[in-house]
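Input sequences plus hints: build the corresponding full structure.
Protein chains: 2
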Amino acid sequence: MNLKNDLILRAARGEEIERYPVWLMRQAGRILPEYRAVRASLSGFKELVETPELAAEVTVQPVDILDVDAAIIFSDILVVPEAMGLPYEMIEKTGPYFQNVIRTEEDLKKVEYAFDIEDRLSYVFEAIKITNKELNGRVPLIGFAGAPWTILCYMVEGRGSKTFSESRKLLYTNPILAHELLNRITLVTIAYLKQQIKAGAHMVQIFDSWAGILGEKQYQDFGLKYIKKIVSEITEVPVTVFSKGAISSLDDICKLDCNTIGLDWNMNISNVRKIVGETKTLQGNLDPCALYASHSEVEKATISLMNSFSSQRHIVNLGHGVYPDIDPEKVKTFIKTVKNHEKQC
Amino acid sequence: MNLKNDLILRAARGEEIERYPVWLMRQAGRILPEYRAVRASLSGFKELVETPELAAEVTVQPVDILDVDAAIIFSDILVVPEAMGLPYEMIEKTGPYFQNVIRTEEDLKKVEYAFDIEDRLSYVFEAIKITNKELNGRVPLIGFAGAPWTILCYMVEGRGSKTFSESRKLLYTNPILAHELLNRITLVTIAYLKQQIKAGAHMVQIFDSWAGILGEKQYQDFGLKYIKKIVSEITEVPVTVFSKGAISSLDDICKLDCNTIGLDWNMNISNVRKIVGETKTLQGNLDPCALYASHSEVEKATISLMNSFSSQRHIVNLGHGVYPDIDPEKVKTFIKTVKNHEKQC
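From first to last, the protein sequence lines stand for chains Y and A.
As numbered in our numbering, residues 1 to 345 make up the first sequence, in order.
As numbered in our numbering, residues 1 to 345 make up the second sequence, in order.
Rather than coming from a laboratory, the hints here were simulated on the basis of the structure.
Any given hint could turn out to be false.
Copies of one chain are not kept apart here, so a pair can be met inside one copy or by any two copies together.
As the list claims (entries may be wrong) - For lysine-lysine, the following DSSO-like pairs were computed, each having C-alpha atoms within a straight-line distance of at most 27 Å:
{"hint": "1", "residue 1": "274", "residue 2": "217"}
{"hint": "2", "residue 1": "300", "residue 2": "217"}
{"hint": "3", "residue 1": "330", "residue 2": "162"}
{"hint": "4", "residue 1": "332", "residue 2": "343"}
These figures come from a predicted structure and were not determined experimentally.
Rendered as structure tokens:
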């Protein structure tokens, strides 16, 4: 199917664009009353993730309502550890919880990595197919997965954490086990992303949410090494890598063979542009809190962001997922401002 | 009283030292069974903070047991917002909780800043006096306070948070209110630190625990501006500034007129040394998780850290507070390794 709007794909590939494309991380979610209505009818978050028709419905909502230039499949990075044998619950107001965690060689035996991903995560691929049918070529659909380091964090810690000290402890006490686990996650993630692409994802993003808790050397060894493997295998569509908080590793991240680098709101776009030159597209990075300001301030901040671009290789986004209590009208102002902006590079 | 060991003061001032001084953030605390014994006899954390004899006792413990080169007064950065009219509870396993928060001009009226600090936080100053008596000049005593931005975070949010989005929201929606609140915190903090010094603190550290959630520009405006004011007022003793996570602001932090800059474990010592030259002492920054490794690995990591120093202006510490489940014997290995190391600069 031909895409009516392929702006984001062209931006990712460094091709000519008329204006900057724009979407938001977590655009399908709690900011939209329409999402909350779907969610309220269900037993929980996971039911939504696992029901392809509903996941597709909330994936399409921001395209209909907010007029973004891309959809991103509604899912969770934790479907991967679950597929590998570690089921999780999503506890309201608390976050994910895993009954079993991986801390020893004995635990590792529970971690599956040779299985039919198409069958085990069929609900994701089904949701991608339905979404594309409903989008009918209006915008591209982004697939995604967590980076191996971030997935390891949850598999070892078993829940969210400020420090992920159990996970980081493993890097010191049993690096071999950590590498074995990262290898397995990497294998599954490659298969998972390839299957998303086969199902219809037009580009994919790798989210390394906990990149920022590792120093440069450890992130090189336990983080980027595995992202590099994934990136080298995914050649079908443009790939975006978002290593949140990894400011001290930006030089290394910029060497990845991906199309686009996601920047959080603390990363300095001009500095990163100096490192990458014109070899990469940069995605981001308005502070999500900027959308709490008045409409005119949102407009000003968005224009100021775009004025800081010295290249056309940009995808406008926030520097993190949109916060759930942001007024959708502010998001619309953000998006309209990008769409009305005359690209100046 | 003459100090028998003033190594850390000399290191902070850039004077000649025989070896690197060493201490640990959170050295007085849950890693020590002796601390847990004191704590178990009490109703809660705050009783310990507010009982000078006991606060002094746990402050001295790591000097007796771990043989560190400095004591740091056992207290909490949140005694300042409490003194300003916002009482807090410390909820076990959850963290601090403030009944009242500051989000409007009306709320701000509750925030006191002109009061007798000596009277209102007398328990801290009393603890400092008792500690110095018990230390009897063995090592210097470090006083401390939270940086205004971090204190604002708690006063606005009312509790810990991953994103502190309520606090950051205020910077966009009502920057004037934010500045007024920061001004008040700054005034109280200056008085508080001066009183700690009067009571006997030999040096002071400013902890900006949430520095890392602000981008460069905002940290300049809402963070460093106020730290600068504090630093310019505290001329009696050496001052250390620890802006955790503020990697993108290191250039600006290095311009502060303080003696020592604390580095977290993700900050690259060699890069910061290049910025500061010999004008500043650097403190840190072993990853606290490195202490989970074997004794020989702890030793190796500690030596490797010191070998990365290209100056004598260093105070060895972790890059964050020691984690509560670290074996004190590992901490001893860390400290012994520093003490046995021949300074090579």
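Taking the hints in turn, this is what the structure says about them:
| no. | hint | in the structure |
| --- | --- | --- |
| 1 | 274 to 217 | both (22 Å within a copy, 19 Å between copies) |
| 2 | 300 to 217 | between (38 Å within a copy, 15 Å between copies) |
| 3 | 330 to 162 | between (29 Å within a copy, 23 Å between copies) |
| 4 | 332 to 343 | within (19 Å within a copy, 59 Å between copies) |
Violation of the numbered hints given earlier is absent; every hint is satisfied by the structure.
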